[in-house]
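So the sequences go chain by chain: A and B. In terms of this note's numbering, the first sequence opens at residue 1 and continues consecutively. In terms of this note's numbering, the second sequence opens at residue 1 and continues consecutively.
Everything labelled a hint here was simulated from the structure, so no lab data went into it. Check each hint, because a few of them may be wrong.
As the list claims (entries may be wrong) - Just some of the chain A residues that point at chain B, by a computed CB distance under 10 Å: (1) Leu181; (2) Ala305; (3) Arg681.
All C-beta atoms in this analysis are idealised placements derived from N, C-alpha and C, irrespective of residue type, glycine included.
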Amino acid sequence: MEAGLQAHVAFHLTGKTQSDGLEAITGLDLRPALFAGYRDLTRLRYDFPLVLAQGAGEGRAPVQSLSAVIDGALRKIVQAGEADRLTKHALRLEREIRVLVAAGVAGSLSSLLDKAAWRPMAQADVLFRDSLARLRAALELDGEIVDCDKAMPARLLAHLWRAMQRRKARAARADIDRLVLRLSDILKADLVRSEAGRSAASLKAAFGAAHEHAFDFDAMSRLLQKAAPADTLSDSRRRRIRRLVATLQAQKFFPPPDRTTADGEFYAFAFDSAAGALDAYRERLPSMMDLAKAMAIAELEAAGAYKEERHDAFFADFATNGLDPRDAALFPDYLVRVDGGVMSAGDGARLMDILTAGLPMKVLVEIDDILEPSAAGGGQLVLGARSRQLASSAMAQGDIYVLQSPSSNLFRFRERIEAGLEYRGPALFSVFSGATGEAGGLPPYLVAAAALEARAFPAFVYDPALGGDWASRFYLQDNPQAELDWPVQSLGFEDEAHQRGAERLAFTMVDFLVCDRRYAASFARVPRARWNGHMVPVEASLGEGAEGAPETVPCLLMVDGDNRLHKVIVDRRAMREARRCREMWRSLQELGGIHNSHAQRLLTQERKAWEEQLRRTASASPAPAVEAPPPPASVAAAAAATELPEAASERKSEEAYIETPRCTSCNECIAINDKMFGYNRDKQAFIADVAAGTYRQLVEAAEGCQVSIIHPGKPRNPDEPGLEELIKRAEPFL
Amino acid sequence: MTSAATECLLRMYDEHHELEDYQSGVPRWCTGCGDNAILAAVQRLCRDEDLRPEKTVFVSGIGCSSRFPHYMKTYGFHGIHGRALPVAEGIKMARPDLNVFVNTGDGDCCSIGAAHWIHAIRYNMNMTVMLHDNQIYGLTKMQASPTSPKGLKSNTTPRGAYLEALNPLTVTLGVQNVSFVAQAVDWIPEVMYDIISAAFHHKGLSFVRIVQRCPEWLPKLLEPWLHDPEKVLLLEHEDAIRISPSLAQVYKNRRRHDPSDLDRARETASGFDPIPVGILYRNPRVPCYEELRTAAGLRSTERIRKGLEAEFDKFTVWPQQAAEGAPAE
Ligand SMILES: Cc1ncc(C[n+]2csc(CCOP(=O)(O)OP(=O)(O)O)c2C)c(N)n1
Ligand code: SF4
Ligand code: SF4
Ligand SMILES: [Mg+2]
Chain A
1 MEAGLQAHVA FHLTGKTQSD GLEAITGLDL RPALFAGYRD LTRLRYDFPL VLAQGAGEGR
61 APVQSLSAVI DGALRKIVQA GEADRLTKHA LRLEREIRVL VAAGVAGSLS SLLDKAAWRP
121 MAQADVLFRD SLARLRAALE LDGEIVDCDK AMPARLLAHL WRAMQRRKAR AARADIDRLV
181 LRLSDILKAD LVRSEAGRSA ASLKAAFGAA HEHAFDFDAM SRLLQKAAPA DTLSDSRRRR
241 IRRLVATLQA QKFFPPPDRT TADGEFYAFA FDSAAGALDA YRERLPSMMD LAKAMAIAEL
301 EAAGAYKEER HDAFFADFAT NGLDPRDAAL FPDYLVRVDG GVMSAGDGAR LMDILTAGLP
361 MKVLVEIDDI LEPSAAGGGQ LVLGARSRQL ASSAMAQGDI YVLQSPSSNL FRFRERIEAG
421 LEYRGPALFS VFSGATGEAG GLPPYLVAAA ALEARAFPAF VYDPALGGDW ASRFYLQDNP
481 QAELDWPVQS LGFEDEAHQR GAERLAFTMV DFLVCDRRYA ASFARVPRAR WNGHMVPVEA
541 SLGEGAEGAP ETVPCLLMVD GDNRLHKVIV DRRAMREARR CREMWRSLQE LGGIHNSHAQ
601 RLLTQERKAW EEQLRRTASA SPAPAVEAPP PPASVAAAAA ATELPEAASE RKSEEAYIET
661 PRCTSCNECI AINDKMFGYN RDKQAFIADV AAGTYRQLVE AAEGCQVSII HPGKPRNPDE
721 PGLEELIKRA EPFL
Chain B
1 MTSAATECLL RMYDEHHELE DYQSGVPRWC TGCGDNAILA AVQRLCRDED LRPEKTVFVS
61 GIGCSSRFPH YMKTYGFHGI HGRALPVAEG IKMARPDLNV FVNTGDGDCC SIGAAHWIHA
121 IRYNMNMTVM LHDNQIYGLT KMQASPTSPK GLKSNTTPRG AYLEALNPLT VTLGVQNVSF
181 VAQAVDWIPE VMYDIISAAF HHKGLSFVRI VQRCPEWLPK LLEPWLHDPE KVLLLEHEDA
241 IRISPSLAQV YKNRRRHDPS DLDRARETAS GFDPIPVGIL YRNPRVPCYE ELRTAAGLRS
301 TERIRKGLEA EFDKFTVWPQ QAAEGAPAE
C-alpha cells in the first residue's frame, strides 16, 4: 500500500491523524459542497420568513411566506411601464426585511416594512417612497413575521391552533346563543301568558313610560285574565328550561368572538406540560359533559320534541361511556408543548399514555438536537432516538395523527398541520428545529434542511382519517427524491483552468454529521497535493459495505467561505452512523410503499403466474365469442309494467266499482251515501259497501260524478222499484 | 349544527302522521268543487313527506280557494285579498326553517295581487305556490277574473268578457329568476299529486297553476276537457313527471318535454287546447332571496330593539334641541 493511502486508511479506521498530510477541519469554516449556494440566506427568496396572518380563520390562508405576500401585492399594483421599478423596489424591501429578521428584529410585517424603508439607502429616493406607499396599500394581510428559528415551530403551530379554536368557538357560540335565545323565548312566552304576566303592573312595564297615561292597564289586565290560555308550560318543563339556560350561559369553554381566554373568565387550553393538560382535562370533564348534555336537551326543547317519558331516562345517564366523538369534536382541543430535549424516559411514557387515551390533545414535541448521547454511554451519539420512538409507537396505535418534520419543511406541511389539528383525536407533531447550537455558523434553517436531505430527520405524516390502511394513511413524499437512498444533486464548479464542470453528488448522513462540531474529529482535510484516486465519494463507499482494511477511503466534497472546493476524508464511526441512518430510512420507505418488500415479492410471484398462464393459453384454442348481454333490468321491468292487465277495463261490468286513482275527492258520492261510498287513505273514493245503499243511489252518484269514474254495474236487488228506468240511465257508465 | 345525541334521539322517535292528522274541519266548498281535489293531494303530500305540522304553514289571500289554510291542521294565515305572497315572504324570511305553502285564486293572484306575484317570482323564495284557477271570482258570486275566457258572461261582463284571457303560465315564465312552473288539472289527481310533490321538493319559488273546476258558477266551462282525454297534453320526462301505465291507457296525448328548456316551455305553456299538464320549467340554480339576504347574527329582542331605536331616531325631534333651534341630528 502506498504511503498516502496508508495514512488515509489509518485515519479512516482509527480516527487518528498520523501524518502531517492530514488536517483537522475545526476552524476551517467548511460546509458540504452542495451548500455552496446557501452562504447568505438573506439574498435568497425561499419559504421563510413567514407571515402569521392576523384575523386568520376568516377564509384566508392563516400563514404565508413573505415572498408570496410581496408577490401578491406586486401583482395588484404592477402596471405596464412601471413594472420594473416597482418589482425592483419591492424585492429590495423584501431583502431588507430578511436582513432585519436575520439580525433578530421582531415585529409585524407592516412595522418591519417601515423599518426597512428607513434604511439609509431608501430615504432620499422619491420614486422609492412612491413604490413603498403603493406596496403598502396593496398588502392583503398583516401579521407577525417569523423566521425559521428555534421558536418558529411552536409559534406556527400555536398560530394555526388558535385559528382553528376560533373557528370552533365561533360555531359553538352561535349554537349556544341560538339555543339560549330560543329557550328564553319559550320562557318569555310563558311569562306573558301567566297570571303575573297579565297583571296590570307587568303590562304597564312592558309598555314603556311614554304614553302610559293613555291606557287603563287594570282594565286591560282584567280582560286578559278572562281569556286565560289553555296551555301553559308544565312546572317541570319550566324548571328544566331555566336550568338549561343557566348551564348554557355559565359555560367557560367558548368565549364570544370579541373575547379571548386571557382574562380567566374562560378556560385556557394551551399547556407547557402533558401532565398540566391532563389535570385540566380531568377537572373540566364534568362541566364538559354537562354542557354537551344541556346542548342536546336544549336542541330537543327548542324543537318542542322533548318528551319526559322518553328522554328523562336517556339523559339521566347521558354519555356514561364518554361523549359521541362528533359531540366531543365540538369542544376545544388542548395544545401541549413539550421540550423533547429535556424529556426523560418517564415523561415520554406519560406522554404516550395521554396520546393513547384518545384525549383531544395536540402535542408538539420540539427537538433542537437529534444527535443525542447514547444511553449505552461511551460518548457515543445516537440519532434522534427518543423522538423516533415516540413517533413510531404513536403510529403503531393506529388512531393517533402523527406528523414529523424538520422546521425547514413545516411551511410546506402547513395544510397537514391543520389536518392534524382538525383530526378528531390526539395528534403528535414531532419537530426538529435545527437550532442545535453545535453547527457553527449554519443557521437553523440550513441545519434542519440538511437533516431532511440526509434522511437524519425525515418528514412524514400518518393520518388515520385518510383511510383504513397504510397506503392511504402514510405520506412520505415530501422527502427529496424519496425513492432513493440519498437524494442526488448536480454541483457545478470551475477548475484551475477555468473550465466549467458538473458532478452528480449525493447528500448523505455524513454531510449532516460534518456540520456538527461534535463530529469534527471524524473528518480530516486532505490538501490538494495529496488528493489521490483512492478517495471515493461517501455514497459509493457506503454501497460497498466492506469492512476490514479497505482499498478506498470515503471522502466528502466541501467548500470554504470563498466557495473553494476541499476534500475531506471520513472515519469509520461516521460511516457507521450513515449506514444505520440508511437502514432506518429504508424501513420508512417500506412503510411508505417505496421498494416494499412484500409488494415486490408478490409482484414477482404474480408475474411468474401470469407468464405461466400466457404460455398455456398460447397453446389452447381461441376463446368463444361473448354472449349478448341480457337487457338491463329497468327496461324489462318497464316492459312488464305496460303489459299489466288494466284493472278497470278487465273488470266485469256486472259489479259496481270506482276508478279510485282518478277520483278528485269532490264529495259528490259521499254526500249521497257515506256508508256505500268511502274514502281510502289517500282520500279517494271507493265502494265501501255496495249493500249499504240502493241501485238508484249508485246510478245517481255515477251521474253526479264529474269525472265519470263511478260504474254502477248491474242491480243486485231485482225488486228495487223503478229498475227499468235506472238500468237505462246506468247504460253510459257501464 | 345539531348534537349527535339529539339527532339520534329525533330519528329514534320520528313521529309518523296519517292523512287525518292534517285534516281540520269540514270544507265549506260546494260539493264537486275542484278545491277538494287540491286539498286531498296536499294532505297526502304532507303525510307522505311526514311534514311536522308545527313546521308547516299555509298562507292565502281572500276567495273560496283562500279558505284552504282553515282545512289544514298546520299553521295558517288567511290574509287579505291579493297579499298572500308578501305575507308568505315575510314568514320565510323570518323563519326559513318552515315549509311555506301559498294558496291563491285567479282573482287573488292575477288581479288585485298581480304586482306581488311578479315580484315574488323574481325574489324566488323557497315556497310552493298553488294558483287555484277557476277562471272566475267564486266567493263573490261570479265576476269575471283576468283569466276568464273571452266572451264569458258573468255579473261584471253581462255581454261577455271583452278581453283575451291572461295566461298565468306565460306571464310567470317571462319574469326574471323564474325557477319552477307547472300546470295541473284537478281532475287528474294522480298527476296533480306528482306535480305538487315536485314543486315542494324544488328549492325556490315553485309556481303551480291548477286548472280548477267551479261547478257552482261555471259547471259547463271545462266539460269538453274533462270528457275528452285528447284535449289533455301530458308532458313527461325522466327528469320530471312519469306517467303511470294505467293513466297512459286513458291519456294517449303525451309529449316528452325537457323542463330545462325555457323557450319550449313558453311555447308549450301558451296553449289551452289541448291543455298542457306537467312540469314546464325548472331551474334549480336560481338563487333564493332569503339565502342572499340572511342577516348574520341572532334576532334577539335586544338587537331588534336597538335596530328599531336607530331607525326611529332618524326621525325623532328632540324637544330640547328643537327649542334651541339646533339641527335634529
Ligand atoms: C281589498 C278587497 N277587494 C275586494 C274584495 C272582495 N273579494 C273577495 S274574494 C274576491 C275575488 C276572489 O276571487 P279568486 O281569487 O279567484 O278566488 P275564488 O273565490 O275564485 O277561489 C273579491 C274581489 C275583498 N275581499 N278585498
Ligand atoms: S263523485 Fe267521483 S270524483 Fe267525487 S268523490 Fe265520488 S268518485 Fe270521487
Ligand atoms: S263557488 Fe266555485 S270555487 Fe267556490 S266553492 Fe263553490 S264551486 Fe268552489
Ligand atoms: Mg277564482
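Hint check:
With a least beta-carbon distance of about 5 Å to chain B, the hint placing Leu181 of chain A at the interface is held under the 10 Å criterion. Contact between Ala305 of chain A and chain B, as hinted, is supported at the beta carbon level, the nearest pair being about 6 Å apart and thus within 10 Å. The closest approach between the C-beta of Arg681 of chain A and any C-beta of chain B is roughly 6 Å, which is under the 10 Å cut-off, so the hint is satisfied.
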